[in-house]
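Residue numbers (my numbering), protein chains in the order written: chain A, 684 to 1037; chain B, 684 to 1037; chain C, 684 to 1037; chain D, 684 to 1037.
Don't read these hints as lab results, they were simulated from the structure.
Remember, it's a predicted structure, so these values are computed and weren't measured experimentally.
Treat each hint with caution, since some may be false.
In this list, chains with the same sequence are indistinguishable; a pair is considered to hold if it fits within one copy or across any two.
Listed next, the in silico SDA-like pairs over lysine to any residue satisfying Cα-Cα at most 20 Å (straight line) [said to hold, decoys possible]:
(1) Lys914 with Leu936
(2) Lys968 with Glu885
(3) Lys989 with Arg947
(4) Lys1002 with Glu889
There are 4 protein chains.
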Amino acid sequence: MKRRVAILGATGIVGQRFISLLHNHPWFEIELLVSSDKSSGKIYGETVKWVIEHHLPSSIAELTLHPLNPELIIKEDIDVVFTALPAEVAMQIEAELAKHGIVVVSNSSNMRMEPDIPLIVPEINAEHIDIINYQQKKRAWEGFIVKIPNCTTIILSLSLKPLIDEFGVERVVASSMQAVSGAGLTGVPSVVILDNLIPYIEGEEEKVESESLKILGELSPGGIQLNRDLKVTASCHRVPVLDGHTIAVFAELKEKPTIHDIIRALEEFRSNKIKNLGLPTAPAKPIVVRRELDRPQPRLDRLEGKGMSVVVGRLREDKALGGVKYVVLGHNTVRGAAGTGVLIAELLVAKNII
Amino acid sequence: MKRRVAILGATGIVGQRFISLLHNHPWFEIELLVSSDKSSGKIYGETVKWVIEHHLPSSIAELTLHPLNPELIIKEDIDVVFTALPAEVAMQIEAELAKHGIVVVSNSSNMRMEPDIPLIVPEINAEHIDIINYQQKKRAWEGFIVKIPNCTTIILSLSLKPLIDEFGVERVVASSMQAVSGAGLTGVPSVVILDNLIPYIEGEEEKVESESLKILGELSPGGIQLNRDLKVTASCHRVPVLDGHTIAVFAELKEKPTIHDIIRALEEFRSNKIKNLGLPTAPAKPIVVRRELDRPQPRLDRLEGKGMSVVVGRLREDKALGGVKYVVLGHNTVRGAAGTGVLIAELLVAKNII
Amino acid sequence: MKRRVAILGATGIVGQRFISLLHNHPWFEIELLVSSDKSSGKIYGETVKWVIEHHLPSSIAELTLHPLNPELIIKEDIDVVFTALPAEVAMQIEAELAKHGIVVVSNSSNMRMEPDIPLIVPEINAEHIDIINYQQKKRAWEGFIVKIPNCTTIILSLSLKPLIDEFGVERVVASSMQAVSGAGLTGVPSVVILDNLIPYIEGEEEKVESESLKILGELSPGGIQLNRDLKVTASCHRVPVLDGHTIAVFAELKEKPTIHDIIRALEEFRSNKIKNLGLPTAPAKPIVVRRELDRPQPRLDRLEGKGMSVVVGRLREDKALGGVKYVVLGHNTVRGAAGTGVLIAELLVAKNII
Amino acid sequence: MKRRVAILGATGIVGQRFISLLHNHPWFEIELLVSSDKSSGKIYGETVKWVIEHHLPSSIAELTLHPLNPELIIKEDIDVVFTALPAEVAMQIEAELAKHGIVVVSNSSNMRMEPDIPLIVPEINAEHIDIINYQQKKRAWEGFIVKIPNCTTIILSLSLKPLIDEFGVERVVASSMQAVSGAGLTGVPSVVILDNLIPYIEGEEEKVESESLKILGELSPGGIQLNRDLKVTASCHRVPVLDGHTIAVFAELKEKPTIHDIIRALEEFRSNKIKNLGLPTAPAKPIVVRRELDRPQPRLDRLEGKGMSVVVGRLREDKALGGVKYVVLGHNTVRGAAGTGVLIAELLVAKNII
C-alpha cells in the first residue's frame, strides 16, 4: 500500500523536483497538488512553468491544483505532506496540519532551529528523528514536522561528516557559488546575473552557520543539542549557473591526516545510519571523490547519483589553517531540497513511523 | 619629453589594455608593438582580435607588429618595455633586455618571487622599487626588471593593506570567483564555461599565497623579505563573467575593531607612498567601500576609478575566525595587470628613475 | 529656459535610460519622477534597481517618487512627460494628460497605430509631427501625444529607409535576436534564458509588421497613411544578451543595385529631415556600416553613436529573394526607446512646438 | 556479428557523440579511435576533454588513440569508418580509405557537393545511397564514401520535406541561431560570446543554400540532381547556447494549406523510406510539433527523440511571402552530425551494403 502524498507549493522549482522524484515512486503516490497562489482550480500542466530536465509526466499534467486549505488535506486522508512554500506561508499552515495528524516534511525555513523539530540529512543524523515523540508530546500534536535543511548546508554538512567522525573539525570556512535555481522561478532576473555575480543571498549565511551545528549536533531528551565543538563561517554568492551549488571549503582539523587518509574517509563514507534500510532514493555513494584537477564542475557533476551524491574534489592540505581545503558540489534542488525530503520520508516509512 | 614605450604581447587582452591606457598618455608614447607569434609583419588592426570596451585607436590600428627581437627594441631607443608575454617566452627575453639597459615592467609570472626583483603595487609598497640598485649590481645589468603581481593578489593585497596597518592580520582565507578574460583570448572555451564554473586555475593559488607575502613584506639590503606574520590560504575558481575578479575574504585580526572602524580604515586609505606624486593613473580612492547589501558586483563595479579602484563590500564580523569577512572586487586586466603596470612606470618617472 | 520634464515609469529600464539621457540635458530639466507601483513616496535611489552602465546621478538619487496622478503633473507645470509605463496603465493616463495641455512623448504601445497619433523616428518621418494639429482638433485636446515606435521596428526601419528611397523595397523578411533588457527588469528570469533562447515575444511580430508601415508611410490630412508598397514579415526571438537587438534582414528590391551602391546609400544617409536642426541627441551617422565579416556584434557595437546609431554589416546579395541581405543592430533601450523619445522631444523644441 | 568500426577525430565533440551513440550499439563495435593531432599513443580517457552529458564509458576511456594512418585502418579489418575530421585533413585520407575497400561515413565538409557522393538524411533521401555503384565504378574504388550533410541543413531539410511533398515550396528564407558546440571544443572563446552573439559562421550559409538542394534533389544515373524548383537563402548566427541549433524559417508555398493542414503534414511525417527497416537510431517521430507559443527552446527540446527528432513550433501563416513561417530546432551534434551518421550506417547494414 503506497502512502498518499500531497505537495504544497507544487508549481515552484522544488515542487517540480518533488513531482519528478515522487512520480512512479515505489512507496508513495501523489494524490494532491496544492499551490499557494491564484492558480488553484487550474490544470497543473497549463499553469506550471516547467523548467527541469525531465518531461512533466502527463498523468500529473492533468491534475487540478488545489488551494492551500488544511481541511481539504486532512479530509483527503493524506499520509505525508511535502511542503515547498515560502516560509511566511508555511508558518501559518504546517502546525495546523501537524496538529491534525498529518506528517509534514518541509523545505520551508521556518522553525528549523527549534530544538524539538528534527532537521534531517538521513546519512548524517537519521537518529534525530526520535525527537518526534518529544515534539508531539510537548506540542500536543497527533502528526509532526520534520525539516529539510538549507540546500548549501546539506551539501556542506555531508562533506564534513566523515571528517568530523575520523579526524575532528574545529573550524570551517565556506565560500559558496550558488545556482540561480536556488532562488526559484523568478528570483534572479537575467538582467541582473548575465556577465555578473551577486555576492549576497538573504539569510543564507546565517542558515549555513547555524543549521550545520544542529545537523551535526546530538539528540538529547529535551531536544537536539547544537554541536559546540564546531565553528562555521560562510560567505554566499550567486553565479550564472542553472543548477548545482559549489562550495570552497577550508577546514581546520584536530588530527593531522594525510590527504590520502582524507580521500579514503570521504570515499568510504556510507552512513551506517541508513545503509541497511534499502531507501530507494539513497545514492550508492553519498560522497563521490574526483581526482581530476578541475572537478567538480556543476554542469558535469550535478547529476551524480541521480543528483543525490555530493561530489568532492581538489583535496589539498591547508597550511594556513592547519587542515584541509577542498571543493564540494551538490544539486541544490535535488540533494539540497526535494531529494533529501523524499529520503527523509523513506526513512520514516522504513522505521515504521508512517 | 615623453618616454618611448614598447608593448610585448600586444595582441593579447593585457596587451590591449596596455594600449588603451598608454594611448594619449601624458608621459608615454607607444613606439613599438611586438607580438610573439606568427603575426609579426602584419598590421595591428587587421591582426588583433580586439575585445575591450573602448574602440581601438586608429593610429594604433595602423602600426606594424614587430617580432620578438631584443636587438630591435634596443636599437629603437625604447625607454620602457611593458611585457604581457607567456612566462616561458618572457623568461628568455626579459633578462636580455634588462642587461642592455632597458627598463622592463612585466606582467609575466616568471621571476616574481626572486628577492631582488621588486613586485610592486605602488599604493602598498612603492619603496620596494629601491631594490633596483641591488638588482643591477648583483646581475650586472644596465637596465632592470619590475614585476606586476598576479591579478588576484593585487586586488586582495590592496584590501588587506589598511587592515594590516591598523589592526594587524594573522590569517587570511581567500576564495576567488575570477573572470574569463584572466585566461586570455582563448583560455576559456565557451563549451566549457556556459552554465558552469571551473574550480581550478593552474598556479593561481600558489601565486596568491606567496606573492601577497612579498608585496606586504619589507625592503632589506639583500632583497625583499616576505611578511612572516601573515598566513594566506586561497581557493581559486573561474566563473562566467567577462571582466572583474571577486574575492570572498575572511581575515583573522590581531585587534578587535568595530566594523565601523574597519570601514573607516578602508575608506580613508590613500597610500602615503604615492599620494603627492601626481601619478596620472592613480585612482582618487584605491579602495571604494559600498554599503549596499549586494555589492560589489563585477558588471556594475569593475570600472570604478576607471578600473583602478578595488571595491569592497559586505563588511561583517567573523566570529568563527575572530576578525572580519568581506567581498572585494577589482578589474583583473586593469587594476590586476596593465593598469598597475602603467602606475609602476609612472612611479619610476616621478622618482626620476627613468 | 529649460523645459520642465516628468518621467513616468521612472524605475524601469527605459525609465533609467530616460534619466541618464535627460540628466544634464541642455534643453530639458528633470522635475518629477513618477512610478506606477507602491514605491511612490520613497527616495528614488533607495528604490530603483539601477542596472545601466552609467552611475545613477546623485541629484536624481535623492528625488522622491510621486504617484501616478495627472493633477499633480498638471499642477507642477510640466512641459513634457516621457512615459515608459505598461500599455494598460498608460492607456488610462496619457489621454487625460494630453487633454489638459501636457505634451506626452510615450514609449507605451497603446494607440501607436491610430492614424492621428504620430509614430516618429525623427530621421525617417519627422514631418509626421504635423499631424498633431489634426489630433488636437479631432480630440479637443490642448496637449498632444507622440509615440515612440517599438524597439525592433525603429532599428529595422532606420536600416530600410535609404534602401526604400534609393532602390525601392517590395518585401522584407526580418528575424530578430533580442536582448533581455527589452523585457524589463523582471521580464526574463535567468532560469529561463541561461543556455537557452526563447523563440517568442508576445505581440512583437505584429508590432514590427504594422508599425514599420506607418513609420515609412505618408502624412495626409486625415492621418498617417500606411506604406502600401511594402510587405514585412517578422520572427522575433529572445537571446541571452543584455542590451542590443540584432536583426537578420532579407529585402527584395525593385532595382538591382550593386552591394557597393547599397553600402554607399546606407553610409551616406544623414536624414535631410533633421540635419540642420542641431538636435543634441542626434548621432552624427544614424547608420554605421561595418565591413568586417563578423560584425555587428551587440556587446561591441551597441554603444555606437552613444547608442543612437544603428550598425549594419554583412551586406550581401540575396539571389533567392532578388535583393540584399544584411544584419542590423541597435541599442534597444537607447535608440529603440528612450533615446528616440528624447530625440522626438528635441525635434518638438527645434520646431517651436514646445 | 557486429561490424567493426573506427572513429577518426575521436577527441572532438562530434567524435564524442559518435562514441556515445556507438558504445553498446547492437550492430556496431568500436575497435579503433583515431586522432589527427599529437595525442596519438595516449590513453583516450586521459586525453579527451569530455564535454557531453553522458559519462564517458570506462571501456572506451582505456583505449589507446591511434595515428591517422590508412594502412593501420585497413590492416585492422575495419568495416566502417566514421570521420569527424577537419575538411582539409579528411580530404587527404577519405579517398585513400575508400580506394582500399573501406566504407567511409563522413561528417567532413569536403566533397559534399560532388554528384556521385551521396549526401544523406535517411528519412529524406535514403534512395540516394544507390549512387554508390556509380561512385565505385567511376572512381575505381572498392569501398565508398557517404557524406553527412551540414548540421543546420539537416535540421532545416527535415522540416521542409513534408511541406515540399504535400504543398510544394518555392522559396525558403532561413535565419539560424546556432549553438557554440557546433564550432568544436575551442571554436568559440568565452570572451567572445558571453553577453554577445556573432552574426557570421564561415561557409555555413553557402552550405545551407547548396546542400539542401542536393538532399532534396533526385537520384539520376549520372549523379544526384539538385532540386531546381527550390530557392534557399540563409543568414547564420552564433548564440550563447551550448547545444541545439534553432532556425526561423519562412517558406513560400505553391499551394495554400491551412495551418492545421501543415501541422498534420509535419506530425504525420514518418518517412516511407526507412520506416520498415528497424533502424535502431531512427526516432519514432522525425518531426515533433509543439503547440505552446514559446517552443521549441534549445535547452528544453534538444534531447527530444534522444536528440534525433527535430522540434517544430510557432507555425503561423506568412502573408508577406505567401506561405508559412515557423521555428525548427535540432540537436546539432546528434541529429546534425553523429546521429545522422550512425543512422546512415544502419541504413547501409539494413540494405545489406555492409
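To see whether the hints hold, each was checked on the structure:
Proximity of Lys914 to Leu936 under the C-alpha cut-off of 20 Å is found in both arrangements, the shortest distances being 12 Å within a copy and 17 Å between copies. Taking the shortest Cα distances, Lys968 and Glu885 never come within 20 Å of each other, neither inside one copy (32 Å) nor across copies (29 Å). Taking CA atoms no more than 20 Å apart as the test, Lys989 paired with Arg947 passes in neither setting, with 23 Å inside one copy and 37 Å between copies. Taking the shortest Cα distances, Lys1002 and Glu889 sit within 20 Å of each other only across copies (12 Å), while inside one copy they are farther apart (27 Å).
When the structure is compared with the earlier hints, violations turn up for hints 2, 3 and for no others.
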